[in-house]
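Novice: Sequence:
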Amino acid sequence: MNNAFKALLAVAAIVLAWLCYNSITTPIKFSEEKERREKAIIQRLSDIRKAEVEYRNLKGDYTDSFDTLMNFIKNEKSAIILKEGELTDKQLEEGMTEKEAVKLGLIKRDTTYVSMQVALFGENYNVDSLCYIPYSETYPDGIQMFDLEKGEVTTGSAGIKVKVMEARAPYVKYLSDLNRQELTNLVVTQEKMERFPGLKFGDVNESNNNAGNWE
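Counted from 1, the sequence shown has number 140 at position 78 by my numbering; the numbering is strictly sequential.
Bear in mind the hints are in silico, worked out from the structure with no lab data behind them. Wrong hints could be hidden among the right ones.
In silico BS3-like pairs for lysine-lysine, Cα to Cα no more than 30 Å straight-line [to be verified]:
id	residue 1	residue 2
1	Lys165	Lys152
2	Lys165	Lys145
3	Lys112	Lys145
4	Lys112	Lys96
5	Lys121	Lys161
6	Lys101	Lys136
7	Lys136	Lys121
8	Lys262	Lys101
9	Lys161	Lys139
10	Lys91	Lys262
11	Lys225	Lys136
12	Lys212	Lys254
13	Lys139	Lys225
14	Lys254	Lys139
15	Lys139	Lys121
16	Lys212	Lys101
17	Lys96	Lys212
18	Lys262	Lys96
19	Lys112	Lys139
Could you build the full structure based on these sequences and the hints that come with them?
Specialist: Next comes the structure, spelled out in structure tokens:
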């Protein structure tokens, strides 16, 4: 009986030690893996933002369609001005404009066109992956796309209308295969603080200059 009791105590001590160890390491491992994944997601969101800003510059509004955005990147052309020479301080003081200097042959300005993909991301960028949230393939429904919205808000006393957009990646879509309790705690904490439970940039309810919530 004494030996059996000692054995039970030893087992209980081992289990208790394991529970203590697990309670300490689980949040750390969860946080480290979350941070690792979010680096890739932030990069993808930054790419979406870059493309959306350029789309709006040329089209006058954002798009809430990834098909439209990716088609724009693949097929649109971007103008690049090649500059040779600059106006001197004396020429600027005399009121000479760049256009006049070009006509006089004092400086050169040539316009060339490259694909939007090359202009924004370089030659070998995989445009077709732009819409997908990295590490979301373990989500129950399979790989997930970013949520993409656009809108218009009125700002200031003058009632100025501003085009706005928002792109989102909820925690549950890219952390679903990690510790469920840690994920639940993370989501609940963000919601209590009235923050979006995940990564996003922009806001369809207010103008925030497309700021990311990680910035």
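Novice: So, for every hint listed, does it hold in this structure?
Specialist: Status of each hint after checking the structure:
1. Lys165 x Lys152: holds (18 Å)
2. Lys165 x Lys145: holds (14 Å)
3. Lys112 x Lys145: Satisfied, since the Cα-Cα distance of roughly 24 Å is no more than 30 Å.
4. Lys112 x Lys96: holds (24 Å)
5. Lys121 x Lys161: holds (26 Å)
6. Lys101 x Lys136: With Cα atoms ~25 Å apart, Lys101 and Lys136 stay inside 30 Å; holds.
7. Lys136 x Lys121: Roughly 15 Å separates the two Cα atoms, so the pair holds.
8. Lys262 x Lys101: holds (13 Å)
9. Lys161 x Lys139: holds (24 Å)
10. Lys91 x Lys262: holds (23 Å)
11. Lys225 x Lys136: holds (24 Å)
12. Lys212 x Lys254: Within the cut-off at roughly 26 Å; holds.
13. Lys139 x Lys225: holds (23 Å)
14. Lys254 x Lys139: It is violated: about 45 Å lies between the C-alpha atoms, which goes past 30 Å.
15. Lys139 x Lys121: holds (13 Å)
16. Lys212 x Lys101: holds (24 Å)
17. Lys96 x Lys212: holds (28 Å)
18. Lys262 x Lys96: holds (15 Å)
19. Lys112 x Lys139: holds (15 Å)
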